[in-house]
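There are 2 protein chains.
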Amino acid sequence: MKKNYLLTPGPTPLPPYVCKALAKKIIHHRTPQFQVVLKEVEENLKYVFQTKNDVYILASSGTGAMEAAVANIISANDRAIVIDGGKFGERWTELNKVYGANIELVKVEWGKSVDPKIIKDILDKDKNIKAVFATHCETSTGVSNDIEALGKIVKDTNAILVVDAISSLGAIDIKTDGWSIDMVVSGSQKGLMLPPGLGFISVSPKAYKLVELCKTPRYYFDLRLSKKALAATDTPFTPAIGIIIALDEVLKDMRQETLEVIFARNKKLAQSTRQAMISLGLELYAGKDSSDSLTAVRVPEGIDGEKLVKTMRDEYGVGIAGGQSQLKGKVFRIAHMGFIREKDLIVCIETLEEVLSKMGYKFEKGKGVKTIEKLLG
Amino acid sequence: MKKNYLLTPGPTPLPPYVCKALAKKIIHHRTPQFQVVLKEVEENLKYVFQTKNDVYILASSGTGAMEAAVANIISANDRAIVIDGGKFGERWTELNKVYGANIELVKVEWGKSVDPKIIKDILDKDKNIKAVFATHCETSTGVSNDIEALGKIVKDTNAILVVDAISSLGAIDIKTDGWSIDMVVSGSQKGLMLPPGLGFISVSPKAYKLVELCKTPRYYFDLRLSKKALAATDTPFTPAIGIIIALDEVLKDMRQETLEVIFARNKKLAQSTRQAMISLGLELYAGKDSSDSLTAVRVPEGIDGEKLVKTMRDEYGVGIAGGQSQLKGKVFRIAHMGFIREKDLIVCIETLEEVLSKMGYKFEKGKGVKTIEKLLG
Numbered sequence: 063m064k065k066n067y068l069l070t071p072g073p074t075p076l077p078p079y080v081c082k083a084l085a086k087k088i089i090h091h092r093t094p095q096f097q098v099v100l101k102e103v104e105e106n107l108k109y110v111f112q113t114k115n116d117v118y119i120l121a122s123s124g125t126g127a128m129e130a131a132v133a134n135i136i137s138a139n140d141r142a143i144v145i146d147g148g149k150f151g152e153r154w155t156e157l158n159k160v161y162g163a164n165i166e167l168v169k170v171e172w173g174k175s176v177d178p179k180i181i182k183d184i185l186d187k188d189k190n191i192k193a194v195f196a197t198h199c200e201t202s203t204g205v206s207n208d209i210e211a212l213g214k215i216v217k218d219t220n221a222i223l224v225v226d227a228i229s230s231l232g233a234i235d236i237k238t239d240g241w242s243i244d245m246v247v248s249g250s251q252k253g254l255m256l257p258p259g260l261g262f263i264s265v266s267p268k269a270y271k272l273v274e275l276c277k278t279p280r281y282y283f284d285l286r287l288s289k290k291a292l293a294a295t296d297t298p299f300t301p302a303i304g305i306i307i308a309l310d311e312v313l314k315d316m317r318q319e320t321l322e323v324i325f326a327r328n329k330k331l332a333q334s335t336r337q338a339m340i341s342l343g344l345e346l347y348a349g350k351d352s353s354d355s356l357t358a359v360r361v362p363e364g365i366d367g368e369k370l371v372k373t374m375r376d377e378y379g380v381g382i383a384g385g386q387s388q389l390k391g392k393v394f395r396i397a398h399m400g401f402i403r404e405k406d407l408i409v410c411i412e413t414l415e416e417v418l419s420k421m422g423y424k425f426e427k428g429k430g431v432k433t434i435e436k437l438l439g
Numbered sequence: 063m064k065k066n067y068l069l070t071p072g073p074t075p076l077p078p079y080v081c082k083a084l085a086k087k088i089i090h091h092r093t094p095q096f097q098v099v100l101k102e103v104e105e106n107l108k109y110v111f112q113t114k115n116d117v118y119i120l121a122s123s124g125t126g127a128m129e130a131a132v133a134n135i136i137s138a139n140d141r142a143i144v145i146d147g148g149k150f151g152e153r154w155t156e157l158n159k160v161y162g163a164n165i166e167l168v169k170v171e172w173g174k175s176v177d178p179k180i181i182k183d184i185l186d187k188d189k190n191i192k193a194v195f196a197t198h199c200e201t202s203t204g205v206s207n208d209i210e211a212l213g214k215i216v217k218d219t220n221a222i223l224v225v226d227a228i229s230s231l232g233a234i235d236i237k238t239d240g241w242s243i244d245m246v247v248s249g250s251q252k253g254l255m256l257p258p259g260l261g262f263i264s265v266s267p268k269a270y271k272l273v274e275l276c277k278t279p280r281y282y283f284d285l286r287l288s289k290k291a292l293a294a295t296d297t298p299f300t301p302a303i304g305i306i307i308a309l310d311e312v313l314k315d316m317r318q319e320t321l322e323v324i325f326a327r328n329k330k331l332a333q334s335t336r337q338a339m340i341s342l343g344l345e346l347y348a349g350k351d352s353s354d355s356l357t358a359v360r361v362p363e364g365i366d367g368e369k370l371v372k373t374m375r376d377e378y379g380v381g382i383a384g385g386q387s388q389l390k391g392k393v394f395r396i397a398h399m400g401f402i403r404e405k406d407l408i409v410c411i412e413t414l415e416e417v418l419s420k421m422g423y424k425f426e427k428g429k430g431v432k433t434i435e436k437l438l439g
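Residue numbers (the numbering used here), protein chains in the order written: chain R, 63 to 439; chain B, 63 to 439.
To be clear, the hints were calculated from the coordinates, so they are not data collected in a lab.
Treat the hints loosely; a few may be bogus.
Intra- or inter-copy, both count: the list cannot distinguish identical chains.
Claimed, not checked - Each computed PhoX-like pair below joins lysine-lysine, with the alpha-carbon atoms no more than 20 Å apart:
no. : residue 1 : residue 2
1   : Lys-87    : Lys-64
2   : Lys-87    : Lys-390
3   : Lys-405   : Lys-87
4   : Lys-289   : Lys-268
5   : Lys-424   : Lys-314
6   : Lys-277   : Lys-159
7   : Lys-86    : Lys-65
8   : Lys-169   : Lys-187
9   : Lys-149   : Lys-290
10  : Lys-314   : Lys-174
11  : Lys-169   : Lys-182
12  : Lys-65    : Lys-87
Start from the sequences and build out the full structure, keeping to the hints where you can.
Right, here's the structure in full:
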């Protein structure tokens with residue numbers, strides 16, 4: 063039986079206590095027993111989101127929470143800035159198109175972060191912009207965008223700032239209140255170390271005013287229903303009970319470890335991974351804009367990127383991610399967040415070296431492992 | 063430590079093999095390993111749905127799948143018949159209102175099933191009706207509607223038949239193809255013995271034509287994306303991987319046991335429960351229209367229904383459901399589906415007798431247990 067190591071940027075591996083919590087007998091959601099869980103979860107979500115705003119839990123994956131953001135803010139013909147620098151920026155674009163937004167599309171070259179000044183210029187010229195949709199960590203390219211800078215720009219305008227933090231929340235620093243982010247959207251299967259199935263969205267008072275005015279039809283993702291239910295320690299529809307019970311454990315664990323310690327660990331893992339890649343002569347796809355959630359690496363010339371990922375997974379049991387859309391076969395991606403630790407990355411880089419070597423890539427064998435061992439040591 | 067018995071009509075108890083499957087290490091969803099699961103699940107879902115149509119899996123609870131049905135069929139001002147005889151019929155009404163349907167509302171007295179002739183008359187008069195929204199088992203009242211009769215009526219019209227089978231699928235007979243049901247909507251936490259977090263929807267070719275014509279904005283629940291993904295053994299967005307892996311086990315188990323055996327068991331449990339209630343001098347809320355998924359019972363005069371449910375749950379560890387909306391405090395509801403077995407019902411009725419007796423209800427003590435034991439014996 064093969065032992066598997068999961069280093070994909072979502073889902074990320076589950077800690078043993080999460081598996082144990084998921085295996086518990088189910089309880090009914092409209093009981094004082096489940097309300098205790100919901101109360102604890104809500105309080106600890108605020109800690110992880112670094113906010114005093116409500117955080118709503120949806121029974122959906124992250125895209126459902128993204129849809130909630132758009133469908134509760136954008137009425138047909140509303141003006142919106144969409145920052146689109148990868149597959150998940152494209153998702154904001156698609157959602158805004160579907161809901162009839164009049165889009166000011168800020169296309170960013172894949173592998174680069176957005177220049178906040180561009181956003182400032184648009185907002186200065188157009189006072190009718192209702193929302194700016196941004197991506198914190200663009201999972202498809204490994205780029206981290208400067209959300210703090212965007213927050214400073216959007217804060218004093220009529221617009222709200224909506225951030226996809228699906229692969230950043232709980233992995234790298236994101237200060238919802240400190241950076242003036244009106245809506246932070248996330249999911250369960252990345253920094254929060256859970257199976258997919260929960261979406262999250264925090265809503266500032268400034269954003270909630272727009273929610274109340276929004277004319278778009280919505281029901282399952284209607285945040286007015288979420289707000290009303292939360293006030294009664296309830297959810298508007300049957301919640302994903304099992305994953306929420308495991309979330310309760312995760313959040314208590316994270317709170318005990320503290321965000322500072324978690325972010326520092328991931329940063330160290332990220333820096334070490336990047337150095338190891340460079341030591342193998344490989345190129346970081348996101349260069350200086352690389353996120354500390356995951357590292358995207360260019361597949362070297364002449365190597366079949368899809369085969370590389372497939373071989374590592376199917377022959378060695380080491381799961382990393384390939385490229386998506388236009389990057390198919392051109393990058394591979396290694397996560398360093400959630401329950402991924404030093405030894406997982408050593409296993410990953412050791413395997414990567416072995417497979418790259420077999421596939422004919424020329425490099426000094428052992429250098430990647432030596433580099434990461436030294437940096438993590 | 064108290065031992066708990068769960069007899070609520072959703073969530074229903076998890077079999078031990080489900081708990082075990084939920085506790086497994088997570089795998090990535092875009093892998094051949096997960097595709098094996100998806101293929102098996104799709105084939106076995108068709109068995110449980112009794113259909114050759116596609117069955118789409120959504121990362122949502124049942125209401126999400128209901129929204130998918132409405133948002134993919136109803137454009138603003140479309141004519142729709144909504145059969146509304148309880149809290150979940152109301153949900154069809156609310157969803158249709160949100161999406162701008164021009165509703166022909168068929169209000170049915172709570173506790174009664176719909177008279178199919180009423181639907182026939184409306185369809186005969188109005189050829190522009192696009193869809194008929196019905197509820198198979200109305201969980202709030204314990205009523206089972208005659209979907210087979212509705213299917214015969216709707217079949218030869220321009221309209222499609224959409225059925226909420228959330229608390230009936232896998233619990234009582236529902237023949238998607240045999241009864242000409244165009245969309246069957248369900249969820250994971252009832253007859254399928256899983257935690258909540260998955261929604262399902264089957265789509266007939268007649269319904270899919272309307273999906274393609276529908277102008278309503280949708281994205282996360284866009285069934286065109288589901289269809290395209292399914293053809294590639296994929297899902298449009300990150301699926302609820304963990305619950306799907308457990309679903310695979312459940313469906314194999316159900317297929318081995320066969321639907322016939324499962325339906326016959328639930329029917330026997332239902333009949334015995336109803337007789338036990340009558341033997342205690344209690345009244346069945348749904349009378350002759352009672353579903354074999356759950357039994358709704360009127361709280362006797364002078365007894366506090368909410369306290370009854372609370373006492374059974376918090377003092378005896380026996381979870382049954384109270385009434386919802388206008389039935390709050392007026393009924394209690396006992397499920398007999400999924401992994402609920404003879405002994406659970408004996409425990410439930412024994413406890414019910416004890417608590418009713420303490421609360422001052424006059425009846426021949428022991429008669430309920432004796433009745434169900436005899437009938438199940």
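### Message
Please list, smallest to largest, the hint numbers that this structure does not respect.
### Response
2, 5 and 10
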